[in-house]
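Peer 1: Below, each chain spelled out in residue letters.
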Amino acid sequence: MAELRLSGVKKDYGGHSVIKGVDLDIRHGEFVVFVGPSGCGKSTLLRMIAGLEEISGGTLEIGGKRANDVSPRDRGIAMVFQSYALYPHLTVAENMGFGLSLRKTPQAEAAKRVARTAEILQITHLLDRKPSQLSGGQRQRVAIGRAIVRDPSVFLFDEPLSNLDAALRMDMRMEIAKLHRNLGATMIYVTHDQVEAMTLADRIVVLNGGVVQQVGRPIDLFRNPCNAFVAGFIGSPRMNFLPVRVESVDAGMARVAAPGIGPVTVSAGRIAAPGQAILGVRPQILTPGDAEGRCLLHGRVALLERMGTETLVNIRLTDGPSVLAVVPGDLELSPDQDISFSFSPSDARLFPASDLPDPSAIPH
Amino acid sequence: MRAETVLIRLGKAVAVVAILFWSLFPIVFIVSSSLKPGQDIFAVPPQWTFQPTTQHYVTLWTQWGVFFQGLANSAIVTVGATLLAVIASTCAGYVFSRHAARWLELSIVGLIAVRLIPPIVVTLPLFPIVNRLGLADTHLVLIILYATFFVSLGTVLMRTFIDQIPRDLDEAAAIDGASRLTILRRVIVPLAAPGILAVAVFVVVFAWNEFLFAFIFTGTNAKTAPLVISEMIGSIDGVDWGVLFAASTVQLAPVLIFVILMNRYLVAGLTAGATKG
Amino acid sequence: MKTLQTNRRGFLAGATATLALIAAAPSLAAGKTLNILSHRVHQTSLGEGEADLMAAWKQSNDADLAFTTFDSNPLMDRLFREASLPETEFGLGYLVDNRPTSEIAKLFEPLDPWMEKDAIADFADIAPGLIKGMTIDGKLIGIPVRTATQALFYNQDLLEQAGFSAPPATLEELVAQARKITDDKIATGMILASDLAVFPVMFARAFGGDFLTPDFKLLPDPAAMEQALTVLAGMFANGALPRSYATTKNDDQVTWMQQGRAAFTVLPFARAAQLNDPEQSKFSGRITAVGFPVAEALAGKTPMATVVEAWAMVIPANAKDKDLAWSYIKQVASPETTLGMALNGNGPARVSTFSDPQLVAKNPLATIEAEALANGRGAFPPFPEAARAQALFLEEVQLAVLGRKSPAEAVEAIAARVAPLLP
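Protein chains in written order, with this note's numbering: chain S, 1 to 364; chain D, 1 to 277; chain P, 1 to 423.
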């Protein structure tokens, strides 16, 4: 069995703390995605699980056994690298069979497993080539093949698709999802791309600054982000954050207002007292026009992106910041045109101002 | 074509010819003199056409058997030193490339600093030690000394080469189940082969021609060919120039052939780091 | 990448071959072995194989000889270095007579006790001057074994072309003949290396002077040295010495004589063989030698004190098996072995050997070599600063010969600069 348990796992580099105590349980057969901006520590955490980085504090258990000091080769894991890390001097077959030969698998058995894996990944015709003769997508398949062939109980993926173009990335994403279904193995996947995280994960772990922000099913994270960082990171395009003033809090509901907004009553979330706060409004919940019980925003069209199936409207609010709205279908608007959008207060989320000391720091 | 460019081309051609003459003349002189009848070697004016003779090679074979023993000793010492230096440099280069620590950085400065000391300063104090250890006049002492002398340069070179091998490959191999030694043997060594060959060329050329260490530390059993040649030059009963040039030719040939064969790796070694990536 | 792999395979194959080679390397010969530090000449003059002069000795002593040979200067360095160790593998060394200063002599076994215990046959026959050169601070440290006596070599053909039927009998005749051969454009009169003290010393002695006497008198007769430099400068000025005099080396003397580019030179008698070697020389059989002549004023009165260099066998004081070494010395210094070596081209240290009919038949110069040796001595005695003294001396000599300084000024400078270096 290959469940993983991280308890208070820390990583320091010469006094500089990179992972600040992570607690996480990963069940057997689960697909977990680590996501976060670059430098958040997600790759470091993955490499600590792989045994490529020492664990400075806390414990890592694999299959119920403490694995802090177990060497990478004895952890029963396989890893797919961002750079693919194929051995340039070996053929595809030799690359895939490398681990088997090191583990003294009989040659006939190894050849059989390589052939079977190649078939699954549809790279049988490439087996005699060297990595330098392969395209990016083919290299990716070989790298995955090299991991699969050893039949490990845990797969680690370190941003495996980031070097591929968009179309290929989508294909491979689907293929990895299929692979997970067929193999039933535990998979841990690192990415900075929240779309990959949303589509692949059983559970997402959002990391920032070496600290786990939230762990949960993708849809839960989308619907109920625990803070402005998670709210801003999950979902595309990014959630709009509007600085507001909380006028009163009562029975879990807060009455907020800002120039050009409200006053409006929304769920108070973590807000307990009047003061400055941030109102999170996803672009998808903004619709043109007004209706009963909705909160109205008024401004001018600053930028218009017509995609055909949907339209992205960037609105400069009167006396306020810009917001982005995504409207299904095509919308014929002209720049600088006066426009009103509205949203249902129950769809908006309120966060403490301290969640976003510097709103511009959240990446898209 | 403008007159200026013609002049420049002419200048370049002259420069190339001058460099060729500068580097080839001694070789041509030695080889041709070894084939000239003894009377003609220093004839004035020089004789450009002559009846080639193998007489000097015959004399070398019959009267200077010790020279061929010297060649065998040179071969043993050269191959031994090259193997040792290459293995040590590769291992050390791997460590320097993959690990960063202040004391490691200091030690590489130390390695280079050792190269700045004139060899003679090291050799004379070593003489009594080598005698005490019973290593005097053995192949082993030269193998160790030559290898030691080249491990510094070799390590720096190998580090540069190994730096160009992505670390991901080490890590992939580690996860695939490789021990450190297996990673070195099956991933690093095959990929750093051009560097290894470049280092080998340096050591071979050095060990094959080295005089000072061989002179101080050997006598009979491990006496190398350059020592025998030096005896020919200083012979108190007169120099037989023909035989001397024949011996020089025999001494020169293997290393010349080796360097020509390995030329592209040598160039790779010299430009390592300049063409990173 | 394909090529990479092949190379690796080749590399491993080479490595395996090497290990095999090392494994197959000959192991050291066992048993009693006398390790000897020498010049190759000392080894070859003892003969090899069937002509091995030491065959009987080896058998009766159940011993083998292992020669480690070097060129002269490296040999001395190595010998002194080995003798300074707490213990050395080398039981015997060959020492040249211009090296043993008091300090160096202390590194070697005094041999007088060995003589008393087990004397060398007919010891009195060994030239007394050579024995004296090896007696330092009253102790005999080496047994002379090889001499190199300087002779005046000349090319009979070139002399005949210039109308001379006999070699010069006086220094003045030598100068005149060299001049005529030069003037007649037959060849350069004489070739001498400019980096050896031997030649100016010989010229000075021809006028009854010297550079430094065995009892360390510097320039005992400055006028004689001035005359010598005057003669040499004159020869250079009129072309009887080559224009390239300043860069002329000992080996050039041999090649110039072999090629007929010079008519006279000064070299050890033993070089006659090489000068007349048909494979190297264009004047094979036509180059012969006489003793170096004295000046007319001294002719018939004072014999020429030619320069002699001698080698002696020494036992390092730290050697292990001195009995075996002494046994070797006794055998090599014996009259029979001395003759055998002389027939192999070695300049003998025994006076009687020169008159042996076998040697006279083989070496027509033996008799005159014996005469020259009888009055010869080293170029100058050994002392710690000898090398620097020689360099200063040669510097002044060159300035005088090339005409940059008058001979008188040069002589004065030699006196002033060398005196502080004397012991």
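Think of the hints as simulated: they come from the structure by calculation, not from any bench.
Computed from a predicted structure; not experimentally measured.
Hints are not guaranteed to be accurate.
[What the hints assert, rightly or not] DEER-style ranges, computed between Cβ atoms:
1. D:Ile260 <-> P:Ser355: 51 to 61 Å
2. P:Ala56 <-> D:Gly134: 24 to 34 Å
3. D:Ser179 <-> S:Asp202: 49 to 59 Å
All C-beta atoms in this analysis are idealised placements derived from N, C-alpha and C, irrespective of residue type, glycine included.
Peer 1: A separate judgement is required for each hint: does it hold in the structure or not?
Peer 2: How the hints compare with the structure:
1. For the pair Ile260 of chain D and Ser355 of chain P, the beta carbons lie near 60 Å from each other, so the given range of 51 to 61 Å is met.
2. With their beta carbons about 33 Å apart, Ala56 of chain P and Gly134 of chain D fall inside the hinted range of 24 to 34 Å.
3. Evaluation of the 49 to 59 Å hint for Ser179 of chain D and Asp202 of chain S yields a failure: the beta carbon distance comes to about 35 Å.
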